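Visitor: Sequence:
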Amino acid sequence: MDTVLHDHIIIFFFPLILFFFKRCPIYIEPQNLRNVSEFFLMGLSDDPELQPFLFGLFLSMYLVTVLGNLLIILAVSSDPHLHTPMYFFLSNLSLADIGFISTTVPKMIVNIQSHSRVISYAGCLTQMSIFILFGGMDCMLLSVMAYDRFVAICHPLYYQVIMNPCTCCKLISGSFFVSLLNSQVQNLIVLQLTCFKDVKISNFFCDPSQLLNFTCSDMLTNNIVMYFVGAIFGFIPFSGIFFSYCKILSSILRVHPSGGKYKAFSTCGSHLAVVCLFYGTGLGVYLISAISQSPRKDVTASVVYTVVTPMLNPFIYSLRNRDIKRAMWKLFSKIISSLYLWWCYLHI
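Take the sequence shown: its position 4, counting from 1, is numbered 4 in this note's numbering, and each next residue is one higher.
No lab work stands behind these hints: they were computed from the structure.
Fair warning: this is a prediction, and the values are worked out from it, not measured in the lab.
Every residue, glycine too, gets a C-beta built ideally from N, C-alpha and C.
There could be a bad hint or two in this list.
[As the list claims (entries may be wrong)] Here are the simulated DMTMM-like cross-link-like pairs (lysine to aspartate or glutamate), alpha carbons at most 25 Å apart as the crow flies:
{"hint": "1", "residue 1": "K107", "residue 2": "D46"}
{"hint": "2", "residue 1": "K334", "residue 2": "D79"}
{"hint": "3", "residue 1": "K200", "residue 2": "E49"}
{"hint": "4", "residue 1": "K200", "residue 2": "D79"}
{"hint": "5", "residue 1": "K107", "residue 2": "D47"}
[Said to hold, decoys possible] Label pairs and their calculated CB-CB ranges:
{"hint": "6", "residue 1": "S333", "residue 2": "S209", "range": "53 to 61 Å"}
{"hint": "7", "residue 1": "F242", "residue 2": "E38", "range": "15 to 23 Å"}
{"hint": "8", "residue 1": "C166", "residue 2": "F315", "range": "30 to 38 Å"}
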């Protein structure tokens with residue numbers, strides 16, 4: 001009797017159980033997609049009415065970022081008083097910021113304008129590699145600039161000897177090759193993936209972490225290598241910055257006159273602000289992606305990290321640095337004078 005009743009209960013509830021298993025996504029096995037030729041970038045919003053606003057917003061932010069960083073490069077190169085190691089590193093940081101934002105934003109602007117979100121497999125890997133390269137360059141250059149300020153404040157008598165042109169070029173070259181090595185290691189890890197669970201990337205660029213989450217195979221070893229490489233290339237530069245500023249703060253506190261303390265600290269105030277902005281937003285992106293389960297929050301955090309930070313760097317340096325402001329005024333004066341002479345020549 002119990003067996004018959006049990007069978008009737010199973011027969012009665014079987015359609016409901018089947019319906020539940022069919023609707024619940026947690027029980028659906030992901031489809032393994034081999035020989036993927038393209039990915040889909042989901043972007044910031046699916047609302048068609050927001051697309052013109054997003055197009056204008058990010059185009060203006062991109063132009064402001066490129067123009068601001070180019071002005072810093074031109075101001076430093078045109079003023080002989082700024083031909084020092086500190087401004088040499090600043091010019092390279094501005095160049096890296098231009099490359100950093102140019103890797104992601106133009107593709108997103110084109111996708112919005114063309115109403116297409118497709119990116120090829122090769123294009124995705126290329127974008128990811130260049131993104132990691134310039135992101136690593138930013139990280140390494142901030143560490144190099146902290147070392148430059150450490151030598152200038154803690155060892156001022158030996159500054160010209162230590163930070164000679166040859167050393168500066170070696171530091172820039174080393175930063176580039178270390179960042180290139182980092183990008184290629186992570187690129188090789190992604191190239192080993194043979195199949196994916198999905199091709200829809202919930203971001204406006206090819207995020208390396210999302211590509212790893214799409215893999216079908218066991219990624220324990222690759223994740224260990226990825227996080228180890230990230231820790232090495234992220235923790236060591238930050239440790240160098242932290243050590244440099246500990247020494248700088250110790251040297252500044254030993255300066256008795258308040259004017260001397262302000263002058264010593266003003267030379268590294270802009271750099272410290274950029275470091276806090278860069279690592280603060282980067283840490284925020286990591287924490288949000290680790291805690292939050294909402295893809296939209298990850299996209300918003302990525303916008304702050306990849307777009308807002310490079311855009312604010314020129315403003316921080318130009319507003320807090322008298323030498324940069326003076327060089328920019330000289331550059332503007334030269335440009336206006338040249339335009340005026342050209343106008344006069346055309347109307348003669």
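Visitor: Decide, hint by hint, whether the structure agrees.
Guide: Here is what the structure says about each hint:
no., hint, in the structure
1, K107 <-> D46, "17 Å, holds"
2, K334 <-> D79, "11 Å, holds"
3, K200 <-> E49, "22 Å, holds"
4, K200 <-> D79, "48 Å, violated"
5, K107 <-> D47, "19 Å, holds"
6, S333 <-> S209: 53 to 61 Å, "47 Å, violated"
7, F242 <-> E38: 15 to 23 Å, "42 Å, violated"
8, C166 <-> F315: 30 to 38 Å, "32 Å, holds"
Checked against the numbered hints above, the structure breaks hints 4, 6 and 7 and satisfies the rest.
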